[in-house]
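Quick mapping for you: the protein sequence lines, in order, are chains W and C.
Taking our numbering, the leading residue of the first sequence gets 99, the next gets one more, and so forth.
Taking our numbering, the leading residue of the second sequence gets 99, the next gets one more, and so forth.
A hint or two may mislead.
Remember, identical chains collapse to one label, so a pair may be satisfied in a single copy or spanning two.
To be verified - With a Cα cut of at most 20 Å, we get these calculated DMTMM-like pairs of lysine to aspartate or glutamate:
(1) K513 to E330
(2) K153 to E515
(3) K513 to E355
(4) K327 to D348
(5) K618 to E221
(6) K153 to E508
(7) K621 to E221
(8) K197 to E442
(9) K113 to E173
(10) K513 to D142
(11) K583 to E221
(12) K479 to E502
(13) K526 to D593
No lab work stands behind these hints, which were simulated from the structure alone.
This one's a predicted model, so the numbers in the text were calculated from it and none came from an experiment.
2 protein chains.
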Amino acid sequence: MTTGKNYIGNKQSAKGSKTYKTFNPQLNIENKTIFTEATSKEIDEAVHLASEAFKTFRTISGEKKALFLNTIADEILALDDELIQTFCMESGLSEGRAKGERGRTIFQLRSFADLVKEGSWVEASIDTAQLKREPQPKPDLRKLLIPLGPVVVFGASNFPLAYSTAGGDTAAAFAAGCPVIVKSHPMHAGTGELVASAIIKAVEKTGMPNGVFSNLNSSGINVGTQLVKHPEVKAVGFTGSIRGGRALYDLAAQREEPIPVFAEMGSVNPVVMLPDALKNRGEALAKTYAGSITLGTGQFCTNPGLLLAIKNDDLSKFISKLSEEIVKIEPSCMLHPNIIGAFETNKKKALSQSGLMVTADYTSNVKSNYARQTVTTVEGKTFLENTTLHQEVFGPYSMVVQCENANQLELIISKLEGQLTGTLIADKEAQNYSNIISALQNRVGRLIFNGVPTGVEVCPSMVHGGPYPASTDSRFTAVGVNSIKRWVRPFSFQDWPNELLPIELKNENPLGISRLVNNKMTKDTYESF
Amino acid sequence: MTTGKNYIGNKQSAKGSKTYKTFNPQLNIENKTIFTEATSKEIDEAVHLASEAFKTFRTISGEKKALFLNTIADEILALDDELIQTFCMESGLSEGRAKGERGRTIFQLRSFADLVKEGSWVEASIDTAQLKREPQPKPDLRKLLIPLGPVVVFGASNFPLAYSTAGGDTAAAFAAGCPVIVKSHPMHAGTGELVASAIIKAVEKTGMPNGVFSNLNSSGINVGTQLVKHPEVKAVGFTGSIRGGRALYDLAAQREEPIPVFAEMGSVNPVVMLPDALKNRGEALAKTYAGSITLGTGQFCTNPGLLLAIKNDDLSKFISKLSEEIVKIEPSCMLHPNIIGAFETNKKKALSQSGLMVTADYTSNVKSNYARQTVTTVEGKTFLENTTLHQEVFGPYSMVVQCENANQLELIISKLEGQLTGTLIADKEAQNYSNIISALQNRVGRLIFNGVPTGVEVCPSMVHGGPYPASTDSRFTAVGVNSIKRWVRPFSFQDWPNELLPIELKNENPLGISRLVNNKMTKDTYESF
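Just chain W, same shape as in the assembly:
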């Protein structure tokens, strides 16, 4: 049952006077639970507890961290139907989606558990001493990755489970050895509280230090601002809008001690469609893209909001077909009145730009909070001249840019802001467009061939991130086990006695992990060299 209270470490607390409720967009009514926003004192307490917890949590073995992560997964599953119902009630999303997202959340937690249990992720590296080296002896140096400290996580509105309370950022931070303070997303505060209760149960069951996790309710910007400015907070994870992410980035950069902010933000995910592909299978592509643009009511960060192609008859046919197909799809519910409000506002702004033509607009009556999918088209020259057209319209919206020729297509790509993904739709012709592929690669974090950008696989080879503003630091990914690298730093021991070294760097290699020893990857002990 949701109580509306915060978790300050293991303790529930609601000392504030500011309250709010979540909203059921399907029924168009407020949900019942009253959530109490965390007070300044509660925030401070949560951060202090995290800072204290870090002293022990940062040295806890990989095996114990794995048990903690797996127990969180178990406890989330144990929430069972209450979690699924709360998720649906607070998001307007389907039960199938809720279960799918829960599966993804569990998979992420267990993937990080496997990673830290195995242990090689710390990138252990050993350079042994050369006492007779001239002109000076070489010392013994050993390196591994260690956690940064308390991490603040801002959950995503569009993924109440997989990228929120116990989502990718939290799982990665715990795996790294960092305590986590979640700034709960106000649109799904109940889902957040339930997941937080599961984490707290796991903390208690596996003997993790009190303060390793806190969950703070918040309906405005104050809680987040205080957290990011707090001197004991050492890193921030965020998924959401460019405006929100940039505000946090700026706050963190202005601190006396600047801290890293990894914000995964907006993207229009350009799709480049080459002529032969459009000629040979334009119709099938139109159907596929009608589906991708409207998937999850267009509320994925990888939604294809921009289709780029060279102007010809095949493209005209594709646009007609896409427009025809997309209005056949039943409109669906957006996450919250604020989200659909923004969708309508941004769409209206785009539609008011001169030179833009609407080719599909769902006009029949729809229920409250249901989004009308829209397709527009524009000439390459118009697009180049008006950067308002480059901006994301978050929701089931996409714009087709009709380029004069391949050169203009390349120029347009090079003028785009950074993107999470770029997609190439091509037949045998791809090799003739190396400049276009190269330009696209330079603007994105992931290139997809003959597919759709929606769908982000959780695996080591995934990159979910990209040049700004897709993310605030393209050097890291937000999805997959490598996302742990956002929360760690390399650390070096020089001439350190074997008995005092962390287990990953001891001569004996007790964990049997892969290490770089004198420039050679090996699982051997040091003596056997």
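Fit chain C to the supplied structure of chain W, relying on the hints for placement.
Structure of chain C alone, referenced to chain W:
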């Protein structure tokens, strides 16, 4: 011969009217060459060239990059005595030091050449498709590291070769595939120009694109400011003062598209001396530390500026002995009148703090620009209460803090700013001080056991960096081949055709590099799985 001109790509250029000269601190006179500061137009041209060069340079093979890096090394060696003499003339440092630093520079260039020639550094990762997976097929995903784009490098005043024009930052950026624009350090502009000429020769000999390197003269902050704000610049490397590094960090963070700045800045490199060690070998330690404090006239970023110990008779004896030993050492020349000016000012400020006692101060007459080494001491309580005492005095200066007990020692460590290094001087007692070791680890990038912090080995296990303000991003090292990670980002290909993939990700593994294939490290081709 030095001309005083800039290199805008391969072309020498001096269109500006603002000029300056370097200074010989040993002779206390200006050197002859007149350097012309780069104009705004020249800066713009250099960045545009770099941006254009990036289009081809980023895809050049590891083997060709290795040839380029090795040719730079060859051409630097070919500068021979002219380089050594210019180095000494512009720094006041000895010929031995010049040759040592040249050796380090060459070693760094060749280390990066080896790294990129071998090729596994790109962290290639392959997750193959599972077309029958339910509920959805898994796509093929492949990842590698790719370069960020043009990098601006600000060289260090205290390392005219190893951390300047063709120093660690430049070598790492070239290895990554990033063009480099050097903002030449005004104190050794001649050394910089000579090294730049060697790089340009290597560019031409190995057929690298024009613009892959530029060298811009500058005596103030304007050139650097324009470079960091330039939209086509994608990352910045800096070695120097906190003030300088922070100013660049702030500029970069305020850009429309923020870019990463890796600044390696100040550090007092705390040395914790435990009681048994001081009792058993205080005298030897005093001699060792008198040497380390004055090494290179105290102008190393790892200079031990802060010695921490628990107050007792052994510590008093150590302080006396250290003070006695340090004044036996002949004073030496600092890099520039500005540097010794800052040393005197900062020392004076420290010495004026109440509660501070001077225990050694070289008082005999010294030549102009020669620094008088100084040792001071202070009570733990005084140190805790006055953060002015925590600030670095760059030069041959160190302060001994006499702590009341182990608890106060731990508290003092926890209140320190971030540091490059922390050193533990201990006998068998170390295991009884785990809280102190843990607190020290949390404030530094490298821990040294029973040694001195001066001396930074170039090897994979080195970490030269640390929590702010030791560096602006503790997640990276500035020294060693892993410093390449500052200039690259992970990139993912989804369902990309084998023939269009970069060589590192092709099924056949033509380079025979180590790759993570379906979660297993291997050098095999994909077919053999």
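Evaluation of the provided hints:
| no. | hint | verdict |
| --- | --- | --- |
| 1 | K513 to E330 | between (39 Å within a copy, 12 Å between copies) |
| 2 | K153 to E515 | between (41 Å within a copy, 17 Å between copies) |
| 3 | K513 to E355 | between (34 Å within a copy, 13 Å between copies) |
| 4 | K327 to D348 | both (10 Å within a copy, 16 Å between copies) |
| 5 | K618 to E221 | both (12 Å within a copy, 15 Å between copies) |
| 6 | K153 to E508 | between (52 Å within a copy, 13 Å between copies) |
| 7 | K621 to E221 | both (12 Å within a copy, 18 Å between copies) |
| 8 | K197 to E442 | neither (29 Å within a copy, 68 Å between copies) |
| 9 | K113 to E173 | neither (27 Å within a copy, 69 Å between copies) |
| 10 | K513 to D142 | between (44 Å within a copy, 19 Å between copies) |
| 11 | K583 to E221 | both (11 Å within a copy, 13 Å between copies) |
| 12 | K479 to E502 | within (8 Å within a copy, 73 Å between copies) |
| 13 | K526 to D593 | between (58 Å within a copy, 15 Å between copies) |
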